[in-house]
Each structure stands twice: as structure tokens, then as C-alpha cells.
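Trainee: As they're listed, the protein sequences go chains A and B. Numbering of the first sequence is given in our numbering, commencing with residue 128 and proceeding in unit increments. Numbering of the second sequence is given in our numbering, commencing with residue 128 and proceeding in unit increments.
Hints listed in this document are in silico derivations from the structure and should not be mistaken for laboratory results.
One copy or any two copies: either way a pair holds, since identical chains are not told apart in the list.
Under the rule of at most 30 Å between Cα atoms (straight-line distance), these lysine-lysine pairs were calculated in the DSSO-like manner:
#, residue 1, residue 2
1, Lys-402, Lys-614
2, Lys-396, Lys-492
3, Lys-655, Lys-631
4, Lys-614, Lys-396
5, Lys-614, Lys-492
6, Lys-492, Lys-402
7, Lys-631, Lys-603
Spelled out from the first residue to the last, the chains are:
Number of protein chains: 2
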Amino acid sequence: MPHREHGPRGGPDGTEERRRRSAEQAHRELAQQLRVDSLRCSTRAGSGHPSSSLSAADLMAVLLRDYLRWDLSHPENPNNDHVIFSKGHASPLLYAMLKAVGVISDAELLSYRRFRSPLEGHPVPTLPWVEVATGSLGQGLPVGVGIALSGKYLEKVPYRVWVLLGDSEMSEGSIWEAFDHARHYRLGNVIAILDMNRLGQRGQTPLGWSSAAYAARARAFGWRALEIDGHDPAAISGAYAEALRAPDAPALIVARTMKGKGVSLLEDKDGWHGKALNEAQCAKAIEELGGARDIVIEPEAPAPGERAPRPAAEPLRLPSYERSTDVATRRAYGDALKALGAARADIVAVDAEVNNSTYAEEFAKAHPDRYFEMFISEQQMVAAAVGLSVRRWSPFASTFAAFLTRAYDFLRMAAVSRANLRVCGSHAGVSIGEDGPSQMGLEDLAMMRAVHGSTVLYPCCANQTARLVAAMADQKGIVYLRTTREKTPVLYDATEAFPIGGSKVLRHAPHDRVTIIAAGITVHEALKAHAELEASGLSARVVDAYSIKPIDATGIREAVRATAGNAIVVEDHWAEGGLGDAVLECLAGEEPIVARVVHLAVREMPCSGTPAELLHAAGLDASSIAGAARRLVSDAARAAGASSP
Amino acid sequence: MPHREHGPRGGPDGTEERRRRSAEQAHRELAQQLRVDSLRCSTRAGSGHPSSSLSAADLMAVLLRDYLRWDLSHPENPNNDHVIFSKGHASPLLYAMLKAVGVISDAELLSYRRFRSPLEGHPVPTLPWVEVATGSLGQGLPVGVGIALSGKYLEKVPYRVWVLLGDSEMSEGSIWEAFDHARHYRLGNVIAILDMNRLGQRGQTPLGWSSAAYAARARAFGWRALEIDGHDPAAISGAYAEALRAPDAPALIVARTMKGKGVSLLEDKDGWHGKALNEAQCAKAIEELGGARDIVIEPEAPAPGERAPRPAAEPLRLPSYERSTDVATRRAYGDALKALGAARADIVAVDAEVNNSTYAEEFAKAHPDRYFEMFISEQQMVAAAVGLSVRRWSPFASTFAAFLTRAYDFLRMAAVSRANLRVCGSHAGVSIGEDGPSQMGLEDLAMMRAVHGSTVLYPCCANQTARLVAAMADQKGIVYLRTTREKTPVLYDATEAFPIGGSKVLRHAPHDRVTIIAAGITVHEALKAHAELEASGLSARVVDAYSIKPIDATGIREAVRATAGNAIVVEDHWAEGGLGDAVLECLAGEEPIVARVVHLAVREMPCSGTPAELLHAAGLDASSIAGAARRLVSDAARAAGASSP
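This is chain A alone, in the form it adopts within the complex (with noise of 0.2 Å):
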């Protein structure tokens, strides 16, 4: 395999064994010299985790020297293979190797770990070539395969995709979603480097050097693996071509290495994880280590191919429906995203093995060339959709608001991968019935609101959805989409506009006394409980607050503040961290709102039961809503009589 290589070593000098010799020999170099910048980077920072680098840097110099296909003046190239550090505490030798091919500096690479520096401790996306952040592990394999899933059946470009594992990670169960997954969808195109170094953080790993252990599991997982002696080049290297000779099977190299290889004061020994060198121990490393080098590759050029064209978009023509009619926010996610599909073909679609109660199916039936089902495996669901996002297709991903709870790590992580991620949570809240509270997404608000850069969006209309749904698909970060399962009438025009960040006023009178502040499924019990007010006189402002964030403080400060600061917010959703606070943080702040705020949430664990008993239950359906109401409007009146001299 081609390579040009720059610096102080000799060229090939005639005979077969003396060329491979001296390319064992120019590995070794390349090795150390990974080694040593590790060394130095992380005693720099004065931490890190340089004896899980020095592990290794045998298995990335040989990728580096020989297998690697970068295109280094065009990181666009869509042929450009791709490098995950799975195990991405060994971030110092992911940088040592961007040094390595001069993609970053030496005063870069000592600038590791220091505030604003685009090298941090473990790697994130703002530096270039480091396409998804690692750090939580067990995402980088389930990512690896979103990439790969986008090679092989979107783009059908020959890149491949190189996951360097830690042997600590492989108890993660989502490495075992991905290596399912990898198996499903014959990615061949997934070679998994295993730095079987024997120590985890605290001690040994449950199978130690058991080589044969990890290469059994991933043979009954369906994948090709092959056990080597991860420091000898010559086997790394006849690893890596006989992995990229089964274009259908993925491989994994199950490679014994030892932690801290290379540096006496290390090599093997316990207690060293995630601790640096101080200057003295690093000097003598180094030194141990044949000193510094200075050796810069050239990888390999990508392999031809032409990334599949994409048809260009066309008019969207979203669902409309009925006013009145009833339909489920869940059955128009379906509806709309299917109808995306056909306008735009950079929208792409995974599902857990839900996709009939999802209906992401409309979508898979419509579009089966960019539908992935992910079966019930919510972490590899997220992590493909963020793989996917890495090569810039638009992914949507859905299953059942409850069940996301599972993929929380893997969605917390897409943010720091600054990835664009459309997800959609159905079945939310009491409100689904009988299946009982292990299916009611009751936490999603909260936990969605919490990510980084997201938006949280919650329609209660079918109409509404649909334009939701075409929103999300331009909009940047993580955007989620909250559906009901249950039929609800159709209450907007499908012309109608909602934008991120609006809600809309669906009553108001000239002399409302109260502000009922809904989403969802809650919209349509405040709209019922408006009209159990106004029959006994009392005026309620009802506003569906849809976009959960950002929230429109704007517009539900002026309702608020138009109904003498009298609110309710009504959801289906714990009291803690939904609509409620959000709410109460727009209300709250530098310029507060005056207001009595009552707030009525799920607060008792639910049971079984038919919707309207589980909304009256909890206390969010149109009765409880309008005795609230009434409740809050005396006790305000009272009060205010109470204070008036």
C-alpha cells in the first residue's frame, strides 16, 4: 500500500525481506515517536491518560503508515475514511497522530487539555478529522456504525471505518447493539481495533487477556474476528488487510497489548490510568523511548468512487387535515415525515422496532432506501442517527418517549458532537391508558430540555405536527418532538404557521381572569375547561404553549400579565422540569411577572386505566383544569381583598 513519508528514515532498500524490515523498522519509529507525544502532551496538561495511549500506538502507527485513506487537502472528500477513538481517553494519541500527518502543530498539540484549546481531554468535533465526541464509552462503535450504514447503502463510497476500542468498554451493552447491528446490516466497511491492555480504570477487566473470550462473542455475533499480538507490526498489519478482505462481514482485531507499553515505570502496571508523567518520570520515558521524533506521513489517498447524487428536493407537500376531524400528533409525525422525505433527500429515518406505533413506517414504506430499523436497541438507534449526522444527512429518530430515557447518554453526547438530530418521543404521558406507567413517557420534557442547544417541541394537533415536523428538519442541534397517542381533534388550519420559539392564544376575551398555559394533550382538556368556565362566567385565556423551548416568553408573559398574573399550567408530565418550569422561568427573571401560579402535573405514580381516568386520576383533565381555575381566581380575589385598605 502506497504511502510517502517524510523525515528521518531510510527509503525500501532491494530485497523483500529487508523491505519488510524496514517498514517493521519505520513502524516502530512512528510508534515511539506516538508514544513520546503523548508523553509530552499529557505531562504538559499534567494529566490525561497517557499508559491507555502508549497501549495503542503500535495498532494507530501501522493504520497511520499504511491503511488510512485521508485525503488531507480535502477533508470534504466524501471518500475520506474515518477514525473514531472509541476509547477516547486516549486522546493524546489521536492528537499525536494528527501531528503525525501535520494536521495540527507540535505548540497545538502542547497546547492539550488548556482552556479553549481545540485539543480537550477527551476529543469533541471542533477539531479538525475528530468527527463525533468520545469520552462516554461505548458510543464510539454504535456511531462507527451509523457512518458505516451511510457508506455502504446512502452515499456508496468505499470509505472505511477504523473504531479503536478499550477492552473496559466492551461491558457497555451498547457495544454489543452495535456489534448486532454491524452483523444486520453486513458493514463491512467496520473494522474495530480492540486494545486489549488487560486494566481498566481499578484494576483487571472482567476477561483480562482473554483474547479468545472477545473473539468468541464477536464470531456469534456474525463478525470475523482475528486475535494478533497488538506491539508486532508485521501482525497488525496482516490483521488489517485480511479484515478489509470481506466486504460483507466486519471485523474485529482483538490485538494483546499492554497498558503504558514502552515505558518501564508503566508498562502493565496498575494504578496508572488517567495519570500523567511528571517532567522528571517524562524525560526519562522519553528517553526510554529513543528520544523525540519528527517523522510526518502522508496517508494514503481515498479510493476512487463517486458518492451517490442526490435528487434534488422538491415542493414540500405536507399532510393537511380536517379541522375536527381525529387524528393523532403521532399518525401526522408519520404522515409529515414521509411527506419530507419525498421533498428533501437528505432526510433519513431509524426507528426502534416501533415503528407502527411511531409511525415512522409511512416513512419506511415510502422511502425503505432511507429507513434503518434499529430494532429494539434505543442506544445504537441515537448514536446511528448521530452517524448519520456526521455525513450530513438529515436523520429523524423515534420510539416511544419513555424508552429514550435509555439512549440519555447517547443523546447527551450528540450535543457535544454539536450533531443534528432530529428525535420524536410518541406515547407521551398518563394519557396513553392501559399499558401502564413503564410506557408513558413522563420524564422526556425534562431530560430533553436539559441538553445542551436543544429544542423541545410538543404539538396537539395533527396540522400542527406536520408543520412542526418541517421545522425540525432545518433546525440545528437536538431537536425533539413530543406525539400523543390517542386521537385528538384537529384544531389549526393546516395553513396555519408555527414557529420555534411561538404558542398560540387559542381563547382570549377582553376580561379573562385566568391564563391556562397547555400542551399537548392538555390543550384539549384547557379548551374543554374553558367552555365549563365561560358556561358558569368565568373567562379563561387558553394558550398552547407548543414550543416547550424556547419557550415564548414573550407571548405568555403578555397573557399572564393579562389575566392579573392568575396561571395555570397544565401537563402530562412529572412536575418537575417540563412546561411548568419552563413557564416559571419566563415569568421569573430580571423583570418578574407578578403571579399565582399553579401548576397541576402527574404527581402520583399511574396505574392502568382508560385515558380520561387517568387524566381525571391525575388531575390534568378539563374538570380538574376548570376547578382550578375557579380556585385560583377567588383565592386571588380574596387576596387582593384582603390587601385593598
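Use these hints to put chain B onto chain A, whose structure you have.
Mentor: Quick look at chain B alone, frame taken from chain A:
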């Protein structure tokens, strides 16, 4: 294996072959009864998963009749076997079993899925003999591992843990975490029964009827695996007997079944997942199944065996720390947990391979027999704690706060299971420094507040931490403690009390003009800000809100009222769902405090840096707090001036 049986079934009739046939007939009859009852209750309910119940009826009939050891008159008998429906949607089958042993009546069976019936859509432990809630797939087996750990290592009793698995849930990574740990801990008391009915919710599972593939995976994970026809009573019985033969190796029985078995309308048919038959279909199906039966089974009695005695509690000697020394709260967590373990034999601990960071290693070293290493498997860690809670231990589970997000679905379900669980998340917030955002717990308060019935604690001082750890042990429900990586000054005497739901006023003077509400790391910044403000003549009150949920509404309202409504909340957490929202909730309500609240929280994605740099960049350090306080007080004065005549 002895059992007694009542009802219209003939006794043994002499010859071996006849006995075998008779037993087989008895199994078949019981299985048909379980099928009929599964149909009856789901049809009556109008919803549920009868087809997923029918596939496993033979498996459960043999279990119930010949293998399960339940002392029905003594549910608290520690030697009783445990049955977990990991495929919780097959609840009709579980309830049919409970009816067949006489634990519930037919009338109760027919209350399935009705409002307030304990026979919920998915099992919850409000029903006798149901010990954990299931319904989020992939959780039953990991929880079973926790129960099995107790039986084998703590109680040392001969119970077995029978787990019924669905094939769809084999895609959940958490299942493989459980396989891994059951092997590691040689849990021969775990028998997993895989109801391989081929069909998921929306089509075929990834492995379909590839019995050998499941068996190979199980074997690669160190289990024994048996492949059988799941509708052949003799084969089932043989497999159970074989599974029980190896006391140190868990066993998976891969049972090939048909979804909807026994009812031609449903058998092996796609499109029937989660659908009840209508009355006419049900009547026809019951006829096809040979009609209703009324067999009552008395399961075998548990094996004898005394539960290992627990030593009596000793006086608790909590660690104490000198005022003004610097001690990390995570260190105090470890010290206190160790002390708690010495005083009380019911305290057990689990950690996800970071016990030298969380300091759970202090407990592990002192009480190795009550510590279980869960490696990097946060889902399994929480599930094991739930299982230990089922067996009435007081489990403490710890990892980095950031990585608890990995287990959010398990934490949510632990609340549905009514588990008593103590969870510690270390390395909270940007103050961890150089490791970067992947390691920073910034959403943990939001996540844990939104767990039903949870308690959320966040100490700022080592002595306070020790007291709160002691309080956790007796607190019901899911109790969360957030600790800090950095050393912080010891603020309180070791004798000071910290009731859950309380707060502490750390600085106050008669003419305080602003209240600074802080918790954990920000308490120290608030105190420095107080000193800085005092030097410039501005008197501030400082509140340590160590109990985030329940929050000390009385104390905080009083403090904020005393400072004319001027309040600053400062927290090392995203702006959503944490202390800020908790404070707003207690100021709002029907008797609101008129307050101007400035909320200092993390609002931009952090990077690496020193703790001081990151606290400053996020606007959480002393100078940021002091600046915000000055602005707030001056704005308030200006507003008061403007509004005065």
C-alpha cells in the same frame, strides 16, 4: 419433582410410559388453561398482548407445575424462587399463572388493565409475587442478576431466578451486560428462558428462529445454552432439569415457539402484536383451545436452607473532618459509606468500575463481601441495585454523574418498581476541569428530579456529605447524592444536622439586600462573593440549598422575602431542571413571593480547562456572582425608584 394438583385431572397410573404421558397431558392441559385465561382477560380488557402470552404458555406450564418453588402461604420465605417476566407485555400469562396457583381469583384476573387494578398492563410489584416492574424491555434479566447475587453471595439460600425473555429484547445491550455479569459472578441460580417466537412488534426479529445463533451468543458469554422446541413439555422439562444441574453456570434455554400458538387466527401471524381478540374471536379461540379449565396447582415447596444471618447493627461512627481543611465530597461519600457499612449489615454497594474515583472503593476494601463490581455497565449496575433492593438490602450505586444518564431508563423503572435505591453521581459540573464535557454531570439534577418520588441531595462539605449519606440509608425511594471532584473547604462541624428537605443560611445580616442560593461547589463561590460584596458595602445572604428535592421552600421563601425578593441562584448544571427550577417552584404557587431571580447556570458547551477557568467562563465563580448581585440590587433600586411616586 413433587407437586400437588387439584382439579379435573387423573392421577398417575402405574407404568413409566403412562406416567410420562399423563404428565405430558397434565402440562398440556395447564398450558391450555394459561392460554385461555390470557385470552379471556385481554379480551375483557380490550387490549394487551395475548399472542405474546400464548407462545410462552407451555414454558410456563412446565415451570409452574414441576419446577417453581413457591411457598404460597409464606411469600416472605427467603427460599422462594423468583420469576421475572422480562417480556413484561406477556402479563396476561403471568396473571394466568397467578390464578392457577390460587394467588388471584378469576374475578381479579378479569380486572386486568382496569383502573386501579393491581393487574396492570405491564407487571408492577403492587401485586403479590411480582417483585419488579417490567415493560421496558431488556430490564428483567439484569434485575434478575441482582436478585441472584443476593441469593448466592449474601443470603446464601437456594432460590433460583427464572427469567422469561422475549426475543425482541435480545437486541437490548443491557441483556448482554446481564449475560456478562451472570458469567462473571458464576450465577448458576439464573435460568433464562428465551421465548423465541420469531415475531417482534412490527415483523421478524433480527435473528428470527435462528436458535443456534442465540445459543452461540450465550455460550460465547460463558453461559450454558440449550435449544428446544418450546411447545414440547418433555423437552421443556428436560431442559429445566439440565439447567439446574450446574450450580456455577447460568443457563439460557432457547425455546423455539410460535407467537399466538394454539389459536389458528394468531399462530405465527404477523400484525397481531399487542392486539386483543374481540369477544367472538375470543370465544372461537377458547373453543379451539379445548375450552376453559379450572386447574389449580400447588407449586413445590422451597428447598430448605437458612438465610445467612446478618450481624446486628452497631453504632454508626461517621467520619468527621476538621473545619477549613480541604476534602472532596466524593471522598467523604466513600468514607461515610464505609462507616455505614460497618454499622449496618444491610448496606451493600455497587459501582461501575470507577470506585477509585467515586471513592466507593473505601467500602469495597472494608466490606468486600458486600461489594459487587459492575465494571463499565451502568445499566446493569442500577439493575443489580434494584435486585438487591428486592431482597431487602440497602444498595448504594455509584459512578460519574454524567454516566448515570446511561441508566436513566433503569432509574425511571426502579421508581415504578417501588425500589429503595441510593445513587451517587460524582464529578458533577464544569468544576471537574480538564477532562471536558463528556465527563461532566450537567443534567443529573434535572434527570433525577424527574424520577417519581426521588430525593436529590447535593452537599458542599465533607461533614455534610457524611451526614447525608447516613440519611440516605433510611430514605424511601430513589435517593440521589451529587458529589464534587475537587477538594473543597469543610464548612460545617461534624455535629451539625442536615435534615432532608432542609437548607442552611450560611451568612445573614439584618440589612441583607440579596439572597444567593447555592449548592455544592457554588456554595464556596457564593461565600467568596459574599466577602467581596461585604467589602464593598453590599450585604448578602447566602443559603446552602443542599436538599434540591424536596427543597426547603419555607427556608428559601423566608430568605428571599427578607432580601426584598432579590435572589441569585447559582448552580454548576445546565440552566434547565436543576436548582434554579426548584427554587422558582418554591417561590411560585398560590402564595407567590414577588422576586427578581437571576439564574446563573451553565449555558454554553464547556471545554477543557482548570476548574477555576471553567467556573469563571460559565459565570459561576465568585466574581460572576458578586457582579450579578450588584447589578440585581441596583436594578431593583432603580425599578423601585421608578415606581415610587
